[in-house]
Amino acid sequence: MTHPATPTFTLDELAERLGARLVGDGSRQVRGLATLKEAQPDQVAFVANRSYVKDLAKTRAGAVLLHPEHAADCSVPRLELDNPYLGYAHLSQLFDPMLAASPGGIHSSAVVAEDVALGERVEVGPNAVIEAGVVLGDDVVVGAGCVIGAGARIGSGSRLHPNATVCHGVIIGARAILHSGCVIGGDGFGFAHDGSRWHKIAQLGGVVLGDDVEVGSCSSIDRGALEDTVIGNDVKIDSQVQIAHNVHIGDHSALAGCVGIAGSTHVGKNCMLGGGVGLSGHLTICDGVHVTGMSLVTNSIHEPGVYSSGTGAMSNGQWRKNAVRFKQLDDMARRLARLEKRSQQG
Amino acid sequence: MTHPATPTFTLDELAERLGARLVGDGSRQVRGLATLKEAQPDQVAFVANRSYVKDLAKTRAGAVLLHPEHAADCSVPRLELDNPYLGYAHLSQLFDPMLAASPGGIHSSAVVAEDVALGERVEVGPNAVIEAGVVLGDDVVVGAGCVIGAGARIGSGSRLHPNATVCHGVIIGARAILHSGCVIGGDGFGFAHDGSRWHKIAQLGGVVLGDDVEVGSCSSIDRGALEDTVIGNDVKIDSQVQIAHNVHIGDHSALAGCVGIAGSTHVGKNCMLGGGVGLSGHLTICDGVHVTGMSLVTNSIHEPGVYSSGTGAMSNGQWRKNAVRFKQLDDMARRLARLEKRSQQG
Amino acid sequence: MTHPATPTFTLDELAERLGARLVGDGSRQVRGLATLKEAQPDQVAFVANRSYVKDLAKTRAGAVLLHPEHAADCSVPRLELDNPYLGYAHLSQLFDPMLAASPGGIHSSAVVAEDVALGERVEVGPNAVIEAGVVLGDDVVVGAGCVIGAGARIGSGSRLHPNATVCHGVIIGARAILHSGCVIGGDGFGFAHDGSRWHKIAQLGGVVLGDDVEVGSCSSIDRGALEDTVIGNDVKIDSQVQIAHNVHIGDHSALAGCVGIAGSTHVGKNCMLGGGVGLSGHLTICDGVHVTGMSLVTNSIHEPGVYSSGTGAMSNGQWRKNAVRFKQLDDMARRLARLEKRSQQG
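Residue numbers (the working numbering), protein chains in the order written: chain W, 1 to 346; chain P, 1 to 346; chain Z, 1 to 346.
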């Protein structure tokens, strides 16, 4: 990609910001972050995973962030930290060009209703729309083309990327990051059948997002039927995720891409749902549950741990032979039991 | 959520609108809808499901909508109906604040082509775009940031939520509800391969939606290759759904979140597809088919009924042992048959 | 759909453009493309598949595009080609009304930053936003409501349909087609955990799309963590697809609807992923791999061929009996082995 100008730091400055122990020339300047293999002398690299230690010896990086146990393998200046992966996260934020890029103010093409309450330093991009009664906290950034519906409230420090949509009455905490194309507060899927056709159940609840929530591109979180859909603090939601009405997600849980959660299911704290996982409606998933990718969960889970379903890919020829047997599985089980009985009698 | 002002009704008015039998003070005013547990004295609650009857005794609701069989358990004013869930649907519509919220007219920032035909009372939100030759029926509401492509036609009473996209030439019936981020009429996925690379097949068909269709947030319905993709009347489509080119969906069918339907498949009337269901291309699914969540359908279905595939989640340890055996299933079946033969001979 | 005016050609012109051998009156005019069954005398039809040869005898089409082997069955003018499906693709492009529809220029409501570099004949639709430093090649068409982030570059001949989003710094090759609602360059999903909460890893990489890439409605391609997410030349991506950070897709590969690819996975050239396929992260899939619909791939694939997982749908009654046995599969395998051992001893 073409980078906007990225900030420059001395190694002394970085050590102070990260709380790291610096070994090397503190006046050296670095202006970016890269892998050990790709880093140039004006960039910092890091070792967050044992499998990359082998690249340490040959790195050209200006400095390397690492755990003290790998210090001996490092011949360039180093920043020592007990959790270098966490240090990498902080470093990445320091070098984020988006933080520097602040056009500032309310663009003249944005349409902002008269009774909107704006905090300090709020930015609203071109052609964004902010409807009546909206409240935006300090330092909120609303990207181009975003729409924020009537009465919605967005906490301080939140950033909406271009073309995100927040529907009427939605409440979002501080420091949220909403990516492009996401929709917070579309109607939940509720209808009553009269025997021949559907009648819409107006979705009168809202959506409440805690603090520090991130929602990926093109993800949708539906509003509740009567009560709210509730996303806890520090919940991280990837792209293409669907969260249905009245779902609750506990603090610090993370949902990977393409996850779908059906209505009224409650997911606990510190849960991790792998890509493409589906949860049926009206379930309770306790704290600390990890579901592996593309698994289907149709029953509540009451014990923390790792859960899975499905079968992995094999060659189509092999698969065809085995998959057809799946339909015979109950029959096979009965025949096996019969043979065992006969064998024990014989 | 923060609610805009919701309408107020007397119980007499509600009884008349719902066709319900009122037992209690008809002059009592209510201004909202809630669950039995949460309802305040100025709200109506309902019993649409036996499992909530236990909450009837303690409810503080101003009135309860219920089936006459539960009248004895109710100590507050009641509205009796044979189908209280349907009554709840009607009630929810009466209290929908969206119905009251009507800014009205064409916003000055909207871009409306000169030759557009607008019905009575059409509303077009800020920064919406309506291209040449579009026809909008009476009472159509187009939300902020929506784009309606050249020549599209949208029937009376339809509502497009903010940032929905209707592509050129698409035809939409009356009373449609299109949620934010949905795309009606993007190109179908068609290419011819010349032995080394792909050549695009221009998608010359359109999309036709019947009356009373709802499409959820971030869902996509692709335009046909030569003929149209056709969605019947009263079809309800949830969020994150993908409908490929030349698919037909019969009247009154309902598709839950994350469903994907491949090209040219025809789904009958009154079908229900659970969340994450996938249908292969060129299939015929007859009327009255219900497919449970995350099932894969690769063959046509000619009998109404409930269909399923896949396996539910279990602990990862248990799953690893079993899933690895799936690759041996054909081998197991053959060995079982061999043992049976030997056992019968013995 | 309601068609804008479609172009008109004589059969002589079509034969020349397609490189086909014409048998019939070259001065005959046609103004559209249709199936053999539906074609009117002013339309062209085609036979790209043996199963449609039966419709040849009765067609009313003005001309038929076909392989010479079917010439004898055709009583109307014909255009003979060795690859009629490829001919159909070319024909569809000739009759595409979108090509004729060119409002032209930069709409007065579009917001284009001052330092943007625009090629020749660039079109920017109403309420589109083009941020600072963007470079658009010749003949680029940007639809209504699109947002192109700071520093992005889009190659000549590319078309962005309405409400597509290209984030800052993304690089797109020539002749791209980006459909409505797609998001190119939202943040990848990266966080470090400090033992109690998540810390965002700023996504400093970009997205690079080669030439001739198509991305469907509501699909998302996330930007890389440090290095770029890379999509090769002539890669075709359907609707509702999720491509995570640092994924690489080789030239000429095609991804059907609802595919999800987790971070850092590399897919080879000429691969085909069926609808709903999920690939785990950090995998290598070699060239020429075809994965059938809704399969889960959790291991790298080193041999070209067709791969599958899962099981197809059956009646729910049959499924319940068999699916419950899946949890007993390892037990069944052990019991079977024990019986065999006993049988051999006996």
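The set of hints was computed from the structure by calculation and includes no laboratory data.
Heads up, a few of these hints could be off.
Said to hold, decoys possible - Between beta-carbon pairs, the in silico distance windows are:
| id | chain 1 | residue 1 | chain 2 | residue 2 | range |
| --- | --- | --- | --- | --- | --- |
| 1 | Z | R121 | W | G105 | 29 to 39 angstroms |
| 2 | P | N83 | Z | K327 | 34 to 44 angstroms |
| 3 | W | I106 | Z | N83 | 50 to 60 angstroms |
Stated by the list, open to error - Here are some of the chain Z residues that sit facing chain P, going by a computed Cβ distance under 10 angstroms:
| id | residue |
| --- | --- |
| 4 | L33 |
| 5 | D139 |
| 6 | T292 |
| 7 | S309 |
| 8 | G312 |
To be verified - In silico DSSO-like cross-links for lysine-lysine, where the CA-CA straight-line distance does not exceed 30 angstroms:
| id | chain 1 | residue 1 | chain 2 | residue 2 |
| --- | --- | --- | --- | --- |
| 9 | W | K58 | Z | K200 |
| 10 | Z | K37 | Z | K58 |
| 11 | Z | K58 | P | K200 |
| 12 | W | K327 | P | K269 |
Every residue gets a Cβ at the ideal spot worked out from N, C-alpha and C, and that includes glycine.
We went through each hint and held it up to the structure:
1. A hinted range of 29 to 39 angstroms holds for the C-beta pair R121 of chain Z and G105 of chain W, which are about 33 angstroms apart.
2. For the pair N83 of chain P and K327 of chain Z, the beta carbons lie near 39 angstroms from each other, so the given range of 34 to 44 angstroms is met.
3. For the hinted restraint 50 to 60 angstroms between I106 of chain W and N83 of chain Z, the CB-CB distance of approximately 56 angstroms keeps it satisfied.
4. Of the supplied interface hints, the one on L33 of chain Z holds, with its beta-carbon coming within about 6 angstroms of a beta-carbon of chain P, less than 10 angstroms.
5. Restraint check, D139 of chain Z versus chain P: the minimum CB separation of about 16 angstroms is more than 10 angstroms; hint violated.
6. Given the 10 angstroms rule on beta carbons, the hint for T292 of chain Z holds: about 8 angstroms separates it from the nearest Cβ of chain P.
7. The restraint placing S309 of chain Z at the interface with chain P holds, with a minimum CB-CB distance near 9 angstroms, inside the 10 angstroms limit.
8. The beta carbon of G312 of chain Z is positioned within 10 angstroms of a beta carbon in chain P (closest approach about 5 angstroms), and the interface hint is therefore held.
9. At roughly 29 angstroms between alpha-carbon atoms, K58 of chain W and K200 of chain Z fall within 30 angstroms of each other, so this suggested pair holds.
10. With a C-alpha separation of about 8 angstroms, the suggested pairing of K37 of chain Z with K58 of chain Z holds against the 30 angstroms cut-off.
11. As the CA atoms of K58 of chain Z and K200 of chain P are separated by approximately 29 angstroms, the hinted pair is consistent with the 30 angstroms bound.
12. For the suggested pair K327 of chain W and K269 of chain P, the alpha carbons sit about 28 angstroms apart, so the restraint of at most 30 angstroms is met.
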